[in-house]
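**Student:** Here are the chains, one letter per residue:
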Amino acid sequence: MSQVTLYSVAYTLSDDLLRAIGSVLPASARSWVTSSDAVTALALLVFGAILLAASMINTIVLIWWERKLLGRFMDRRGAMHVGYAGLLQNFADGLKLFRKHTFRPREADSLGFYFGPTAYLATSMMIFGLLPISSGWNAGAIPLTLLLALAIFSFAPLFIFVSAWSSNNKYSLMGGMRSAAQMIAYEVPLLLAVVAVIIVAGSFDLTTIVYEQQNYWFWGPLVVALIVFVAGMLAEMERIPFDLPEAEAELVEGWNTEYGGMLFAFFMLADYLRALVGSILVVLLFLGGWTLPSWVPGSLTSFPLAGIVWFMVKTYLVFGLFVWVRAALPRVRTDQLLRVGWNRMIPLALLSVFLAAVLVTVRCVPVFGCVPSPGV
Amino acid sequence: MTDGESAAASNPVLYVVRPMATAARQFAKSLVRPSTIVYPFERLEDPQFRGEVAVAAGKPIGVGAIWDNYRGVHALNVATCISCNLCAFSCPDLCIEMVTVPGGDPKHPKKCPEIDYGKCSYCGFCSDACPEGCLTMTTRYELATAKRAEMVYSPAKLYEVFQHKLPMNPIRLERPANEDAILLDPPLCIGCNACARDCPTQCITMLDVPKPEAKPGEKLPKRIWKEPVVNDSDCVRCGTCISVCPKECLFWGGRA
Chain A
1 MSQVTLYSVA YTLSDDLLRA IGSVLPASAR SWVTSSDAVT ALALLVFGAI
51 LLAASMINTI VLIWWERKLL GRFMDRRGAM HVGYAGLLQN FADGLKLFRK
101 HTFRPREADS LGFYFGPTAY LATSMMIFGL LPISSGWNAG AIPLTLLLAL
151 AIFSFAPLFI FVSAWSSNNK YSLMGGMRSA AQMIAYEVPL LLAVVAVIIV
201 AGSFDLTTIV YEQQNYWFWG PLVVALIVFV AGMLAEMERI PFDLPEAEAE
251 LVEGWNTEYG GMLFAFFMLA DYLRALVGSI LVVLLFLGGW TLPSWVPGSL
301 TSFPLAGIVW FMVKTYLVFG LFVWVRAALP RVRTDQLLRV GWNRMIPLAL
351 LSVFLAAVLV TVRCVPVFGC VPSPGV
Chain B
1 MTDGESAAAS NPVLYVVRPM ATAARQFAKS LVRPSTIVYP FERLEDPQFR
51 GEVAVAAGKP IGVGAIWDNY RGVHALNVAT CISCNLCAFS CPDLCIEMVT
101 VPGGDPKHPK KCPEIDYGKC SYCGFCSDAC PEGCLTMTTR YELATAKRAE
151 MVYSPAKLYE VFQHKLPMNP IRLERPANED AILLDPPLCI GCNACARDCP
201 TQCITMLDVP KPEAKPGEKL PKRIWKEPVV NDSDCVRCGT CISVCPKECL
251 FWGGRA
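Chains A and B are the protein sequences, given in the same order. Counting from 1, one number per residue, gives the positions in the first sequence under the working numbering. Counting from 1, one number per residue, gives the positions in the second sequence under the working numbering.
Fair warning: there could be bad hints in the mix.
What the hints assert, rightly or not - Straight-line distance between alpha carbons at most 27 angstroms, and here's what the computed DSSO-like set of lysine-lysine pairs gives:
no., chain 1, residue 1, chain 2, residue 2
1, A, Lys68, B, Lys29
2, B, Lys111, B, Lys147
3, A, Lys314, B, Lys29
4, B, Lys147, A, Lys96
5, B, Lys165, B, Lys119
To be verified - Just a few of them, taken from the derived set where beta-carbon distance is under 8 angstroms, the chain A residues facing chain B:
no., residue
6, Arg72
7, Asp75
8, Trp324
9, Leu329
Source of the hints: derived by calculation from the structure; they are not laboratory data. From the three backbone atoms N, C-alpha and C, an ideal C-beta is built for every residue, glycine too.
Could you build the full structure based on these sequences and the hints that come with them?
**Tutor:** Structure, rendered in structure tokens:
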């Protein structure tokens with residue numbers, strides 16, 4: 001295989017590993033161990049492990065990145081002492097949470113209480129696995145990747161509501177209800193903004209969408225859709241200014257009030273994993289994914305894994321935008337949130353769909369150039 | 001969206017663009033150096049921050065202002081301490097205890113203050129009361145200890161602080177001119193010499209008094225025919241003589 005993909009890396013790794021193991025075994029066992037079925041089975045496990053590790057490490061580094069950026073926005077430094085520039089601080093925090101006793105309120109519903117955070121984290125990981133980080137670096141090359149990812153993304157209110165309700169705490173329930181209302185209100189403009197991208201790109205496949213952006217990135221012509229998408233993502237990620245469900249000061253962390261130890265860490269990780277996924281989606285849909293504009297010198301794009309590197313740079317910059325928003329804006333009220341969602345975002349999203357349709361019809365924009373014919 | 005509040009609440013320039021610009025400006029400013037001082041590695045009293053501190057305080061400062069009147073750990077010059085007990089006497093928190101230090105004779109041990117910083121309120125009365133200026137407050141403010149017992153600073157430790165030659169905060173109030181003097185009630189005195197013996201400044205001398213003629217039938221008191229005389233200019237008003245007097249014949253009185 002000429003192109004290095006995530007699966008080819010996993011397959012090569014497990015192939016080498018099983019050959020090494022097989023070389024010390026007797027011949028009968030060796031043929032079984034090094035058979036292609038065994039290699040494929042191990043490769044799938046390695047594949048999953050790589051995705052798991054990538055999602056968790058990225059999430060934790062993302063928390064570090066937010067702490068550092070937010071520190072500078074607030075005229076301070078953020079984490080400094082553990083590891084280089086505090087890079088290991090969040091790993092230490094994670095270890096602390098890992099060692100803690102997981103406590104369940106007596107009146108809480110056991111099934112929902114444990115199912116909520118676990119499913120929340122698991123679905124977030126599923127989305128991360130679906131999104132291509134570079135060409136071929138994702139779990140499923142299915143044609144409807146984007147649709148599937150957004151469908152899984154919209155599971156979250158259910159899990160949040162389940163865990164909030166089963167906590168048997170009125171603040172948790174309030175937070176869960178706010179979360180559900182907010183996510184449903186912003187799901188619609190978010191998806192409509194995505195529709196604009198889909199119309200221009202002519203595909204649900206994220207890899208195709210990225211390659212459709214070879215002439216120009218979609219953020220320029222579809223800037224309305226970008227604004228709606230970013231606002232919707234902020235609401236979906238429950239970040240300031242739309243962090244009402246958590247609302248640290250008024251709702252004592254909202255729907256995760258009753259959670260401590262590793263279950264809280266699940267929520268924390270899932271929140272940031274979803275933030276990561278949101279940033280990745282912005283990069284994939286609007287910022288050209290792992291590609292760079294053609295005027296960029298070739299030496300910057302030709303080194304090994306250049307796609308992943310540039311993709312990650314873009315993702316972290318987009319997340320920096322979210323941090324910037326968090327640093328600048330206050331939390332809105334529920335009525336303001338819902339009013340902005342239904343009254344402003346949905347008309348804007350419909351406008352962006354209309355603009356996308358116009359773009360596909362006229363095919364060429366003065367500054368940006370021409371769209372390739374859809375569905376190529 | 002008819003009411004003004006709602007219209008203002010959805011004004012994107014006012015509620016989104018302007019705060020974002022402000023945050024971006026702050027970000028750019030603090031990229032070079034945030035305002036925070038990395039405390040254990042840098043300190044506000046470092047010379048390079050004096051200017052910043054002056055700006056924060058809103059007035060120019062130099063050496064001797066703002067910082068140098070800070071009331072921190074005490075410095076004790078054990079060599080000049082006269083064991084007068086005034087610091088312990090003036091302490092409102094009763095955190096000073098006079099403990100024996102080497103340097104006195106066996107009969108009159110030298111006692112210096114030992115300060116419990118678990119109780120100290122840093123009022124500076126002790127430093128004010130010290131007649132010799134040997135107990136002063138310094139600008140040292142790092143008092144965190146691992147054990148509660150370590151909060152008690154022995155005279156040796158206080159002397160160590162003194163040796164660091166930190167900026168001292170000499171809290172010395174002017175003493176009023178009509179301050180009390182030590183007075184004697186002569187008929188009660190038995191001339192026992194306890195006051196002169198324990199006076200930290202040796203300002204009390206025992207002078208002979210004439211032994212009166214005994215009238216017939218009268219019994220003279222059994223005593224030494226001497227009386228203390230206080231050298232007022234040397235007296236530090238520590239009251240040691242009053243507290244050691246067995247007959248309670250010395251007392252505070254108005255200046256003669």
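**Student:** Against this structure, judge whether each hint is valid.
**Tutor:** Structure-based check of all given hints:
1. Lys68(A) with Lys29(B): 15 angstroms, holds
2. Lys111(B) with Lys147(B): Cα-Cα ~25 angstroms, so holds.
3. Lys314(A) with Lys29(B): At roughly 23 angstroms apart (the allowed maximum being 27 angstroms), Lys29(B) and Lys314(A) satisfy the hint.
4. Lys147(B) with Lys96(A): 26 angstroms, holds
5. Lys165(B) with Lys119(B): 25 angstroms, holds
6. Arg72: With a closest approach of 5 angstroms, the Arg72(A) hint holds.
7. Asp75: With a minimum Cβ separation of about 5 angstroms from chain B (threshold 8 angstroms), the hint on Asp75(A) holds.
8. Trp324: With a minimum Cβ separation of about 6 angstroms from chain B (threshold 8 angstroms), the hint on Trp324(A) holds.
9. Leu329: 6 angstroms, holds
Every hint from the earlier list agrees with this structure, and none is contradicted.
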